[in-house]
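S.K.: Per the numbering used here, the very first residue in the sequence shown carries number 439; after that it's consecutive.
Just so you know, the hints here were simulated from the structure itself, not pulled from any lab data. Some hints could be false.
Restraint ranges, calculated between C-beta atoms of paired labels, are given here [claimed, not checked]:
| no. | residue 1 | residue 2 | range |
| --- | --- | --- | --- |
| 1 | Arg860 | Ser552 | 51 to 61 Å |
| 2 | Glu677 | His708 | 38 to 48 Å |
| 3 | Leu560 | Ile646 | 24 to 34 Å |
Derived lysine-lysine pairs resembling BS3-like cross-links, with alpha carbons at most 25 Å apart [to be verified]:
| no. | residue 1 | residue 2 |
| --- | --- | --- |
| 4 | Lys705 | Lys761 |
| 5 | Lys676 | Lys662 |
| 6 | Lys529 | Lys705 |
| 7 | Lys457 | Lys676 |
| 8 | Lys662 | Lys529 |
| 9 | Lys457 | Lys529 |
Backbone N, C-alpha and C define an ideal beta-carbon position, used for all residues, glycine too.
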Amino acid sequence: MSSVNTTLSLGTTKPNLHKTLFATCIGNALEWFDIAVYGFFASYIAHAFFPTSDPSVSMLLTFGSFGVSFLIRPLGAIVLGNYADRHGRKKALLLSINLMMLGGAVITFMPSYSSIGVIAPLLILLARLVQGFSAGGEFGSSTAFLVEHFPERKAFIASWQFATQGASTLMASAFGLGLTQALTESQIQEWGWRIPFAFGLLIGPLGIYIRRHVHEPASFAEHKPEAAPLKRLLGRQKELMLLAIGLMVISTAVNYMLNYVPTYATKNLHLSGSVAFTATLLAGVILTVVTPIMGLWAERVGRVPLMWGSLILLIVTIYPAFKLVVEHATPTTLILLVCWMALLKSIYFSTVPSVMADLFPIGTRASGMAISYNVAVTVFGGFAPLICTLLISATGTSLAPGYYLMAMSLLSGLALLRSQKRVS
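Could you put together the complete structure from these sequences and hints?
M.R.: Encoded structure:
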């Protein structure tokens with residue numbers, strides 16, 4: 439207990455903005471880089487670890503393992519979020535990034551199904567479960583860490599949480615585009631798809647080093663930790679969690695739709711892989727650049743108006759946008775659709791972390807944000823590619839992803855309507 443108090447006492451040290459941002463965002467970047475790479479290279483992973491005589495079944499198994507790994511995220515959110523609220527944000531952040539690296543290493547070096555048989559897909563699934571568990575606690579701890587260090591700049595500082603997701607998409611897309619240009623299809627299938635996963639392992643040690651040398655936020659250091667944050671959260675703050683989940687729904691749905699684009703473009707629209715990766719690369723640029731700019735703008739005009747504007751535009755435009763792409767499947771229309779989704783996501787995304795942080799008090803903030811975030815990501819994001827694949831198969835129309843996004847926009851709109859009085 440004395441070591442915890444010593445650590446917390448350091449929270450009075452004046453934080454360095456750039457060091458704090460890097461320490462928190464590096465884990466978020468690593469998490470979403472691995473997720474994006476898994477989604478982008480799904481067809482190659484399916485061939486390596488989930489081979490069947492039917493390519494559609496292979497893809498369903500691959501996206502199924504992608505989605506199943508998200509089922510453990512709420513458990514990770516409960517365990518690591520509770521740990522962060524009781525013992526400190528820093529310790530939770532160090533634990534989560536170490537677990538992420540372990541899962542990434544297994545995927546990078548795992549022999550294919552043809553080499554070791556059924557053990558390969560089982561260990562890949564285990565690796566995704568480890569990554570899902572660690573990612574479960576990352577968002578709540580890191581966002582609480584940021585807004586508690588810089589409460590006067592919470593909209594801008596917390597927007598970097600999602601800007602790093604854009605940077606991760608950008609890097610993953612760059613790898614996808616680069617590999618499709620530099621290697622043959624058979625080379626990518628044989629070993630090339632492992633390269634971006636190996637790259638992810640290289641940035642992990644830097645994140646661990648930086649996180650070891652940051653201090654707890656002063657507001658948390660001065661706050662008496664809750665004896666049972668989960669009991670308080672589930673007893674008195676259930677409505678707050680439902681609102682936070684609702685706010686996250688459309689944000690996570692769009693994010694995973696962008697990860698699904700390479701598969702959707704090649705399998706359903708019959709466009710080339712290079713076109714799909716170009717579109718997601720541009721989306722990554724937009725998410726990385728626009729999100730913090732919107733965070734700055736939110737400090738001037740308020741967060742709620744930006745959220746409503748992006749939601750309304752999504753509801754009104756997403757169906758005609760998908761219809762245009764389906765009826766005129768060209769590189770230009772696909773790129774326009776992806777960039778439009780990325781732009782609207784950037785506007786909405788920039789405000790969500792700080793709004794969610796404001797919903798919860800310090801004593802339950804990490805747990806509340808982690809659980810809410812990961813329930814939303816699991817139910818409405820992690821299974822989005824699988825749901826869209828099934829919807830397209832069941833309905834026979836490639837417009838199904840558009841219907842899905844419209845429904846998610848309405849759910850987030852209802853949550854925003856109920857929660858806007860609690861935040862400004």
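S.K.: None of the hints should be skipped; say for each whether it holds.
M.R.: Hint check:
Taking 51 to 61 Å as the suggested C-beta distance range, the pair arginine 860 and serine 552 conforms, at roughly 55 Å. Between glutamate 677 and histidine 708 the Cβ separation comes to about 46 Å, which falls inside the hinted range of 38 to 48 Å. The given range of 24 to 34 Å is respected by leucine 560 and isoleucine 646, whose C-beta atoms sit roughly 28 Å from each other. Between lysine 705 and lysine 761 the alpha-carbon distance is near 17 Å, which keeps this suggested pair within the 25 Å criterion.
The straight-line distance between the Cα atoms of lysine 676 and lysine 662 is roughly 22 Å, inside the 25 Å bound, and the hint therefore holds. Our distance criterion of 25 Å between C-alpha atoms is broken by lysine 529 and lysine 705, whose separation comes to about 43 Å. For a cut-off of 25 Å, the pair hint linking lysine 457 to lysine 676 is broken: about 34 Å separates their Cα positions. Restraint check: the Cα-Cα separation between lysine 662 and lysine 529 comes to about 17 Å, which is no more than 25 Å; the hinted pair holds.
Pair hint lysine 457 plus lysine 529 holds up; C-alpha atoms about 17 Å apart against a cutoff of 25 Å.
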